[in-house]
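*Asks:* Given the coordinates of chain C, work out where chain A should sit on it, guided by the hints.
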Amino acid sequence: MLSGSLASDWFDEAGGAVEPVVVATLLARRRVAWVTADESLRVISVVDATGLLGPTSDWPGGALLEALPELVGSEADLDAVFAGRCDGLQVDLLERANSAGQPVYVRLSVAAGKSGADRALFCIFEDVTDLGISQQRLTQSRNELLLAQRSLADTVLDLQASNTELRRLTDMKSVFVSVAAHELRTPLAVISSYADLLAQGLVGDLNERQLQSLAVIRDGADRLMHITANLLDMTRIEAGRLEMVLQVLDLGVGGVGSRGTATAF
Amino acid sequence: MLGDFAVGKTSLVRRFVYNLFDDRYMSTVGVKVSRKPLAVVSGERVVDLTMILWDLAGSEEFSQMRGAYLRGAAGALLVYDLTRRDTLASLHSYASQLRQISADAALVIVANKSDLVANGDNGGGIDASALDGLALANGLGAPLVVASALTGYNVEDAFRQLGQRLVR
Numbered sequence: 007m008l009s010g011s012l013a014s015d016w017f018d019e020a021g022g023a024v025e026p027v028v029v030a031t032l033l034a035r036r037r038v039a040w041v042t043a044d045e046s047l048r049v050i051s052v053v054d055a056t057g058l059l060g061p062t063s064d065w066p067g068g069a070l071l072e073a074l075p076e077l078v079g080s081e082a083d084l085d086a087v088f089a090g091r092c093d094g095l096q097v098d099l100l101e102r103a104n105s106a107g108q109p110v111y112v113r114l115s116v117a118a119g120k121s122g123a124d125r126a127l128f129c130i131f132e133d134v135t136d137l138g139i140s141q142q143r144l145t146q147s148r149n150e151l152l153l154a155q156r157s158l159a160d161t162v163l164d165l166q167a168s169n170t171e172l173r174r175l176t177d178m179k180s181v182f183v184s185v186a187a188h189e190l191r192t193p194l195a196v197i198s199s200y201a202d203l204l205a206q207g208l209v210g211d212l213n214e215r216q217l218q219s220l221a222v223i224r225d226g227a228d229r230l231m232h233i234t235a236n237l238l239d240m241t242r243i244e245a246g247r248l249e250m251v252l253q254v255l256d257l258g259v260g261g262v263g264s265r266g267t268a269t270a271f
Numbered sequence: 025m026l027g028d029f030a031v032g033k034t035s036l037v038r039r040f041v042y043n044l045f046d047d048r049y050m051s052t053v054g055v056k057v058s059r060k061p062l063a064v065v066s067g068e069r070v071v072d073l074t075m076i077l078w079d080l081a082g083s084e085e086f087s088q089m090r091g092a093y094l095r096g097a098a099g100a101l102l103v104y105d106l107t108r109r110d111t112l113a114s115l116h117s118y119a120s121q122l123r124q125i126s127a128d129a130a131l132v133i134v135a136n137k138s139d140l141v142a143n144g145d146n147g148g149g150i151d152a153s154a155l156d157g158l159a160l161a162n163g164l165g166a167p168l169v170v171a172s173a174l175t176g177y178n179v180e181d182a183f184r185q186l187g188q189r190l191v192r
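Chains as they are written, first to last, in this note's numbering: chain C, 7 to 271; chain A, 25 to 192.
Hints may be right or wrong, so weigh each one.
Said to hold, decoys possible - The following label-pair restraints were derived from C-beta to C-beta distances:
id : chain 1 : residue 1 : chain 2 : residue 2 : range
1  : C       : Gly-90    : A       : Val-65    : 56 to 62 Å
2  : A       : Glu-180   : C       : Lys-120   : 42 to 48 Å
3  : C       : Val-53    : A       : Arg-59    : 22 to 28 Å
4  : C       : Arg-173   : A       : Ile-125   : 22 to 28 Å
5  : A       : Glu-84    : C       : Ala-34    : 36 to 42 Å
6  : C       : Asp-124   : A       : Gly-163   : 48 to 54 Å
7  : C       : Arg-125   : A       : Arg-192   : 37 to 43 Å
To be verified - According to the in silico footprint, chain A covers these stretches of chain C (three or more CB under 8 Å from chain A):
id : region
8  : 23-31
9  : 150-160
In case anyone wonders, no lab produced these hints; they're calculated from the structure.
Since we're looking at a predicted model, the values are computed, not measured.
The beta-carbon is built from N, C-alpha and C at its ideal position, and this holds for glycine as well.
Bound-form chain C, shown alone (with noise of 0.2 Å):
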């Protein structure tokens, strides 16, 4: 509930009475709806010509606060603004169904003053749907925006984990192909070594077919010597390590390409 200054202070500024004919256009224009109630707060009339208060039939004679239960819990301020010791009472943005039971939103004021010879509570309520429907739409593009920020942030921080633990596997794997590779050379060097012993004739002599099997052999560990190379080599470029040789090369003379991209190396 929010007291504030209620018309009484507008008419004052008007200068004093308002004509009915003036009352009558606002209210024509702006979908007002009122119940009036009595001291006991049992409720003496409704007016709402345009249904914004939903079924009424049933509120005259009734309970204020069966009525109206949004009023539940300001029993004594509606008491002091039926005393006239508070100007009144006033709660925006209230969301309730019409008799269409379509979502409205309306400002209630709550005043008190004559009705008839007596005095009386007067609960107004404008309809302010369209300011309550702009404001929703408003409240609403900014709050998913904030949890599609939350949810941006939540990724990126998943994506932060999911790099560390990607660099993570990278380097294990860098150095398991830095091992292999390193390990493959050594039995590929005695491979290579004992077939220059055969080739050689230094372990006895061979015939053509067996020369022409040994050739196929030291041709295929050459081959492998190349892929390591290559392996470690990456390893290298993985780590930053790599060392560029700059050299001078003739490409007019054999060599390049004679063995595809291998010899390139």
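*Replies:* For chain A alone, coordinates are given in the frame of chain C:
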């Protein structure tokens, strides 16, 4: 109903009052008042209550308004989202704001969206965020209810616990 935006305050009320759920998020602006009769057991008697539920906007821009709406409140469900821990931290300020206005207000902490956390969907499991909620609840002298407006899990229990504290 108190808690940050998008924690599910409106969905809890909708589930409790109408037994409905809508998974589209619609921000609440201002306030919506609902009414729900509830019979609660207090000692050896059954008390018929009519709960008047004030569903307040959780967004920051309505914080000024909120204080005014809290006048006359007998109690509150303080709701947070189990998937957004920051919404739990905010409950301290909601609780103190309410207790400044109504020192004896009954409180129940609701850890909502249990369907979205591991071991939380209707199995009664409790995750780290719910444990933090339990710590807050103990500090405030309030019970913690892990609930889901989507499945309906423990929703009535949360309101019932509030009702029981109101009739003590």
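*Asks:* For which of the previously enumerated hints does the structure constitute a violation, in increasing order of number?
*Replies:* Result: hints 1, 4 and 8 break, sorted rising.
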